[in-house]
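Peer 1: Sequence:
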Amino acid sequence: MGYKPIESYGVIGDLHTVALVGIDGSIDWCCLPRFDSPSVFAAILDDQKGGSFRIASLYEAQHKQMYMPDSNVLVTRFLSDQGVGEVVDFM
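Sequential numbering from 1 applies to the sequence shown in this note's numbering.
Rather than coming from a laboratory, the hints here were simulated on the basis of the structure. Don't be surprised by glycine CBs; every beta carbon is placed ideally from N, CA and C. Keep in mind that the hints are not guaranteed to be accurate.
Straight-line Cα separation of at most 20 Å, DMTMM-like style, residue types lysine to aspartate or glutamate; simulated pairs [as the list claims (entries may be wrong)]:
1. 49 with 24
2. 64 with 81
3. 4 with 46
4. 64 with 86
5. 4 with 60
6. 64 with 24
7. 4 with 47
8. 4 with 24
9. 4 with 89
10. 64 with 89
11. 64 with 7
Have a look at the derived ranges for each label pair, beta carbon to beta carbon [what the hints assert, rightly or not]:
12. 13 with 49: 20 to 28 Å
13. 7 with 48: 35 to 43 Å
14. 16 with 51: 15 to 23 Å
15. 34 with 55: 20 to 28 Å
16. 35 with 79: 16 to 24 Å
17. 82 with 36: 17 to 25 Å
Work the whole structure out from these sequences, hints included.
Peer 2: Written as structure tokens, this is what we have:
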């Protein structure tokens, strides 16, 4: 699998905790229910055993990530020859 560069992550949060969402749609870091809680997903630290959650295209796709205007709502798009998929993440 390998590690993603830190700049390929978007951040979502709710003032109690945050999650790092990769440009491929994977949640690779998240502590719940608070910042100081144990991690639920920690692939950013250990890509083999850290765990992650991912919704992804079945086909080879280009990835785009952006925030909706004036919000912390993160949109990840999967663009392929078969179509476009979109995942919207927020807390």
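Peer 1: Against each hint, give a clear statement of whether it holds in the structure.
Peer 2: Evaluation of the provided hints:
1. Between residue 49 and residue 24 the CA atoms are separated by roughly 19 Å; this keeps the pair inside 20 Å, and the hint holds.
2. For the proposed pair residue 64 and residue 81, the alpha carbon gap of about 15 Å is at most 20 Å, so the pair holds.
3. Between residue 4 and residue 46, the direct Cα distance comes to roughly 11 Å. Compliance with the 20 Å bound is thereby established for this hinted pair.
4. Between the alpha carbons of residue 64 and residue 86 the distance comes to roughly 9 Å, so the proposed pair stays at or under 20 Å and holds.
5. The straight-line distance between the Cα atoms of residue 4 and residue 60 is roughly 17 Å, inside the 20 Å bound, and the hint therefore holds.
6. Among the hinted pairs, residue 64 with residue 24 is consistent with the structure: their alpha-carbon atoms are about 8 Å apart, no more than 20 Å.
7. Restraint check for residue 4 and residue 47: satisfied, since their Cα atoms lie roughly 10 Å apart, inside the 20 Å limit.
8. Using a Cα cut-off of 20 Å, the hinted pair residue 4 and residue 24 holds, with the two alpha carbons roughly 10 Å apart.
9. Annotation: proposed proximity of residue 4 to residue 89 holds, straight-line Cα distance about 19 Å (limit 20 Å).
10. At roughly 14 Å between alpha-carbon atoms, residue 64 and residue 89 fall within 20 Å of each other, so this suggested pair holds.
11. Restraint check for residue 64 and residue 7: satisfied, since their Cα atoms lie roughly 13 Å apart, inside the 20 Å limit.
12. At roughly 25 Å, the beta carbons of residue 13 and residue 49 sit within the given window of 20 to 28 Å.
13. Taking 35 to 43 Å as the suggested C-beta distance range, the pair residue 7 and residue 48 does not conform, at roughly 22 Å.
14. Residue 16 and residue 51 have their C-beta atoms about 20 Å apart, which keeps the hinted 15 to 23 Å range intact.
15. Under the hint 20 to 28 Å, the C-beta atoms of residue 34 and residue 55, about 25 Å apart, fit the expected range.
16. Taking the beta carbon of each, residue 35 and residue 79 are about 34 Å apart, not inside 16 to 24 Å as hinted.
17. Range check, residue 82 to residue 36: Cβ separation about 43 Å, and the 17 to 25 Å hint is violated.
Hints 13, 16, 17 from the earlier list are contradicted by this structure; the remaining hints agree with it.
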